[in-house]
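Please put together the full structure from these sequences, using the hints given.
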Amino acid sequence: MSNHAQTAYINLPDARALNVPYEAPPASQNPVVKGRPLAFLASLVENVPLLPTILYRNAGFASLRTLEELDGVTPRFDPTVIRLPPPGDEAPTSEPQYTNLRTPNQNASGRFYTVVDYHDVYKSGRLTPSDVVESLMPLIRRDVPDRSPHSTAFIDSRVDAVREAAAASTRRWKDGKPLGLLDGVPFGAKDDLDVKGYKRYIGSTKDYTEGKEAETSWCVSKVEEAGGIMVGKLSMHELGMDTTNNNPNWGTPLNPYNSSYYTGGSTGGGAYAVASGLIPFCIGSDGGGSVRIPSNYCGLYGLKPSHGRVSTEPLQSSDNSVTVRGPVASNMADLDVSYRILAAPNPADDCSSKFSPPRPLGSPSGSPSKTLGICKSWFDRADPPVQQACHSALQYLVSEHGYKTIDIDIPLLHQGQMAHAMTILAETTAKVKSLAGLTPANKILLSVSRATPATDYLLAQKLRQVLMQHLAHLFQTHPGLIIVTPTTPNAGWPIGDGELSHGMSDGNTQVRNMEYVWLANFTGVPCIQFPVGYVEPVKGNGKMPVGMMGAGQWGSEEELIGFGYDGEDWLSRGYEGGRRRPEAWVDLLKGQI
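Taking UniProt numbering, the leading residue of the sequence shown gets 1, the next gets one more, and so forth.
Where hints are given, some of them may not hold.
What the hints assert, rightly or not - Calculated pairs, DSS-like style, for lysine-lysine (alpha carbon to alpha carbon, straight line, at most 27 angstroms): (1) Lys539 x Lys34; (2) Lys34 x Lys206; (3) Lys206 x Lys177.
Since the hints were made in silico from the structure, they are not lab data.
So this is what it looks like as structure tokens:
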């Protein structure tokens with residue numbers, strides 16, 4: 001908002017700074033295992049009683065026990081903080097308007113189609129939603145001979161339902177009565193969301209709907225109500241328990257920019273589909289970077305909203321203290337539009353219903369703060385090419401958009417990452433009744449998680465409180481502060497030999513890959529990722545995208561979206577060579593724009 005001092009909150013933590021010198025984390029000592037040895041290790045971990053405890057300690061989860069800073073701290077189990085508008089400044093309850101969208105120029109380098117392009121081509125009659133769907137379905141269906149490589153990104157598509165929705169949209173356009181900007185626009189949903197008519201595997205071989213008719217998730221239903229065409233469930237890492245999107249169960253989509261790299265997980269199928277031009281946006285989930293990491297690896301835009309801001313119905317936000325729903329999009333305009341649709345308050349959701357509706361596009365509250373906070377010791381842990389790409393973007397934002405950078409400190413970062421990992425593993429383990437049928441890597445992870453003592457879990461929630469209090473201090477001291485880091489310290493994750501067929505367990509790279517993303521999940525703040533450049537790969541052909549993140553105060557999604565637009569301007573106007581599309585990008589609108 002324009003006046004941050006007047007902003008009121010529900011459940012805002014006390015602002016308390018904790019000054020602890022930064023310490024680089026110790027080198028990870030987790031065993032890296034793949035292929036047949038991985039299956040053997042999983043069997044041992046399942047059946048040898050003391051082995052999970054040994055691996056638990058080896059991973060560093062017991063490190064919180066020595067933190068004197070947690071003495072006397074009250075644990076915080078729910079990171080939800082609700083931002084309220086000041087009196088007289090309530091957001092309207094009507095549907096958001098889309099007249100102020102900042103879409104990329106038609107002649108911009110590496111331009112992806114936007115939802116506005118779909119709208120314009122339908123309005124002109126050059127193509128219909130049915131035309132688009134008929135071009136798309138052969139590319140994404142698994143149940144056809146000679147399957148397209150693109151189909152690996154999709155777990156299932158209800159062909160008849162998709163065609164029916166497209167036909168209904170085509171009739172509305174013919175009659176001059178479209179539902180709005182999204183009418184006829186194809187989109188997909190990650191496999192951990194419920195959708196009527198689809199099973200929910202969560203990337204596994206087990207149907208977690210247990211044969212019952214699923215109730216469509218709030219997020220999906222809101223996009224469908226706006227006329228969007230749900231074209232399929234998107235593949236993901238099994239149970240969302242890693243950041244590669246490696247999935248021996250359903251196949252692993254390869255990175256569109258370089259097929260020797262992973263797409264990133266766990267919303268990896270969605271990132272593949274968006275980066276390949278199959279859909280302009282998808283609905284993902286983010287419990288430990290699962291929207292932002294694949295957006296980063298695939299050169300896209302991703303938003304992790306404030307905890308509880310976007311309804312997770314039929315699940316309640318309280319069922320999971322780190323995971324949220326959020327969009328992955330090909331450009332900022334599509335991220336902007338899709339977020340505002342997803343963030344409509346759900347009266348049936350105790351948490352989501354307390355948030356005010358999103359503001360219209362272009363309203364003053366959508367303007368970003370101009371203060372960017374950098375924790376230098378943390379930032380500098382990224383690989384040199386990643387640092388260079390991010391610093392170049394920051395220099396542009398300072399010189400061309402009036403931002404300023406300040407130095408900040410955040411305490412206990414390595415211990416906080418351990419606390420987050422312990423929390424998300426424990427919450428997942430509580431929902432998985434049996435390890436039978438899971439991949440060996442997940443059998444190991446969840447077996448280790450089951451060794452978590454209640455005392456360690458409580459310490460993790462004490463650390464959550466400490467971190468939230470420190471962030472509240474930073475936001476109070478620097479109103480509108482955006483905390484900036486690389487999205488991941490590495491430029492992609494190369495695929496190793498034998499990993500696609502048998503899976504793999506590499507906790508060392510996983511921990512490093514999540515170096516920055518975990519903080520927003522654990523403390524509930526919103527965070528945006530956008531691409532800032534491309535670097536040479538260490539394997540294969542094709543430069544790999546590099547992304548940068550900005551985390552803001554609870555409820556500051558609209559300010560972060562403004563920041564994202566400025567980041568998009570860097571890539572399109574400031575970055576040498578401009579934005580790039582993957583070579584295999586699909587022209588679904590057949591050059592009609």
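Going through the hints against the structure:
{"no.": "1", "hint": "Lys539 x Lys34", "result": "holds (19 angstroms)"}
{"no.": "2", "hint": "Lys34 x Lys206", "result": "holds (23 angstroms)"}
{"no.": "3", "hint": "Lys206 x Lys177", "result": "violated (42 angstroms)"}
Hint violations for this structure: number 3 only, all remaining hints satisfied.
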